[in-house]
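Construct the entire structure; sequences and hints are all you get.
Chains as they are written, first to last, in the numbering used here: chain A, 52 to 255; chain B, 2 to 622; chain C, 1160 to 1280.
Mixed in with the good hints there might be a few duds.
The following label-pair restraints were derived from C-beta to C-beta distances [to be verified]:
(1) Val-620(B) <-> Pro-230(A): 30 to 40 Å
(2) Ser-617(B) <-> Ala-93(A): 45 to 55 Å
(3) Leu-586(B) <-> Gly-203(A): 50 to 60 Å
(4) Tyr-601(B) <-> Leu-229(A): 30 to 40 Å
(5) Val-614(B) <-> Gly-203(A): 19 to 29 Å
(6) Leu-233(A) <-> Asp-1253(C): 27 to 37 Å
Per the computed footprint, the stretches of chain A lying under chain C, defined by three or more beta-carbons under 8 Å from a beta-carbon of chain C, are [claimed, not checked]:
(7) 98-106
(8) 109-123
(9) 127-141
(10) 147-161
(11) 238-252
Below, a sample of chain B positions facing chain A; criterion: calculated Cβ distance under 7 Å [said to hold, decoys possible]:
(12) Ser-603
(13) Val-606
(14) Val-607
(15) Leu-610
Note that these hints are calculated values from the structure, not bench results. Just so it is clear, CB atoms sit at the ideal spot from N, CA and C, and this is done for glycine as well.
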Amino acid sequence: MPPAPRTTGNPHDGTPRNPARCPPPATRARFRGGPEVTLADAVFGLLGVVCLGSAVLVVTTRNVIHAALWLVVCFGALAGCYLVLTAEFVAWVQVLIYIGAIVVLMLFGAMLTRAPIGRAQELDSHNRPVAALAGLATGGVLLVLVVAAFKGAYVDVHHTAVGDGKVIGTSLFRFFVLPFELASVLLLAALVGAVVLTRRDGGR
Amino acid sequence: MTQWAIHSAWLIPALPAAAAVIGLLLWRLIPGGPAVPAIAGSAASLVMAVLVLAEVERSPGQVHQSSVFWTPTGGIPLAIGTRIDGLAAVIAVMVGVVALLVQIYSTAYMAGDRRYSVYAAEVSLFTAAMLLVVVASDLFELLIGWEVMGLCSYLLIGHYWQSEGARAAAVKAFITTRIGDTGFLFGIFVLGVGTHSFEIGRVVADPAALGHSTITAGALLLLAGVVGKSAQFPLHVWLPDAMAGPTPISALIHAATMVAAGIYAVARVYPVFLAAPVALTVLGIVACITMLGAALAALADDDLKRVLAWSTVSQLAYMAGGLAVGGWTAGIYHLLTHAAFKALLFLAAGSVLRSVGTNLMSEMGGLRTRLPVTFVTALVGAAALAGLPPFAGAFSKDGILAAAHARGGALGNAVYVVGLVTVFVTAAYVTRLVARTFFGSYRGALPHVHESPLVMTVPLVVLAFFAIALGLPLLAHSYGISRWLDAPAGSRPLEVSVGSVLLTGAIALCGVAGVALLHRRRPAEDPVLVLGRYARPLAKAFWVDEFYDRTLVRPTRALARSVLNIDRRGVDATVVGTGTATTLLGSALRRAQNGNVQAYASGLVVGVLAIVVAVSLAVAR
Amino acid sequence: MHLSLALAVSALLFGIGVYGLLARRNAIAVLMAVELMLNAANLDLVAFDAWWRDQLHAGQSFALFVVVIAAAEVGVGLAIVLAVFRLRETVAVDSLTELADRDPVRAGGDVDAADEVAVGQ
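This is how it looks when you write it as structure tokens:
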């Protein structure tokens, strides 16, 4: 099946909306005279708050193990965000790989490097003020830029193509098969590299 | 034969120069050592000079000039050649005789010196330079010889360079004469440019045509060089200190030849000076001051050689005074006699020094029995110096005084009076010298004092003969010396009357008698002490040296030190400081590389943010 | 929903990640902060994919690739951290300062040959 032509991407470019899929007006709330605050907004906002909160805890808690666990919460919230954005496959991959593999790997690393369980020595370096400044500045600049650029942009969650397995699979193996193969080679290289790096001297 | 000699007169300076080069480079190949080329060179040059003199004697009044080649300079050309007249011939013979005797004397005096080859070569070179000055036909040629003489004087005074006194004395001599030589050079320029030629013949041909101010300026500038080279006031300070060199050098350079070169230069271009009476007046004033001052300083010095050095300064002032009042022949005659008796006195002093090992007269005494030949010859020299007839010095000195008296006027009378007083002082210090050295009892510590070897005493005898004989041509051949020296027009002829000779002789005898009586009364004491506290300024030579030190030497040294400090603290510090500053800057910048990855990452993030903000603002505008 | 909401969350998450990258001492904690930053980028990609209504789903595909690369990076990063731990008995990133430029005069015996050659004195 030939690929469908890409849309211009601007939801406000005049293509007719399907009125049957618009949610009933009773659930819409007004927000500054612009497009309304919908349920999707609220859920996403909540999940975003959880994500950000747990992220802050990740970078500030004194216990490395706790940080890893807060990272789990953060990734979980992000998975939820992906679901709201109808990216199902990515959401599950997030849970499986990030939470299931990467965080576990980090926990293993923390234990192998004898990370102190419980509160211990100072976990933050003396770079804190500069780091805080840099972090605030980065967040601030990005925030201002994107909000200024995309103030009125609106994602129509009812009319996107849902990113389920079939769709993503088709996309991957049709249009992005070469990057996919290269990614697998990359994984192989990383695997071999990690093994080599952690060998003890004396063996070949 | 003599015709050939005249035409080959250039050999006169060339032979000792060749001897110098050969002696310096090849003395190891010559059996007999460095003395052979040195003596041979001087002897050959003397033979040539005698032949030339014979030819001049045959045709008196004629000037033989030949130029070998021209050097085109783009402006006034320079010629190299010889100009032989009576004056040149006579002086050349004098130089040859003294140089030969000094070379022979040096073989014994400098025996055992490791650097005798260098010494002999330098003496030969010096002889060549002096002879070049004598026979030069061109003013620049004369200047070349003049400067080479200065160089050789420096080298020879500093022969014992291990001693700081010798080194300092050599530098002092060189610098002091250099100051005069600058004026001399400019004098040559003025005269040469005015005459459009540097040839001596052309310069003296018609000096009045140059214009009064030009000729006066040229003559005064030449006088600067004369004052320096002939150690007259105010540039006399180098000669007493130059006694740090070996005694034969003092005899050759600082008695007979180099210091006489200044007088010779005035005599050579005398018509120029006759056309510039101001210059002659200045010369006369300088001569008066120097004559008496140096004689007084000689009265108080304890060092035997320094007394003779002051004496040289005083006698040179006599010659200068003679030339200043127009007594050309008298001045040159005194130059000749002075060469004989002063060289004699210096060589005798060398003999004494070598035997007793000290320069100071307070450690000598009673040597007339132990050094008999030296004593007799020194006595002859002393008598000639004091001006006792019939020794040669009397007639030459008297000739000068007669010329001064005949000239009259302020200058003539001044020279006459000062000259007479100086006769008395001269006789006094000469008697003091002889008495302290040879009479009384021996005050030194050496157990044995021997007479010097024959090689040294024979030259003494030869010079003593000349000190007596040079008085004779005056008596025997009725002013024979005037016949040989063709005096320039406008100068006074040599007149010596019996009366004036007796007058000067009497004054001299008074001086001799006075000091002899003082010595007889107290043989062990220095006669000058009778002057009491007036002896001190005499001993310090009127503090001229100290004055120069205060006003010239110390400010120059302070300036040099301050320049050095500016260089060290200013310039060097700046240069080194740039290095230090760069290192410090590097240290400051090094703190950014502290190895902490997070520090690097912070810098990265902040930088990227700054760029992003800047670009956004620019795009938004 | 408003796109700017997702972008805002992503921006703030990125800022928090930057703070963690620059402030944390433990190497594992730094890696966690890096993961936060990568996730922020992922959120952006997915959000834009939803807004574009992209038929190719380039955004979500790229998000998957980012996950793959993040995994590989964490694996290799932890291997390095373990190697460093074996050598130094510590994983504090501010104690790993070999590449510092030390003053050869004042550092005493702590200067290696490369430093001395570089300074040239």
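Item to check | Structure versus earlier hints, numbers of those that do not hold, lowest first | outcome: 2
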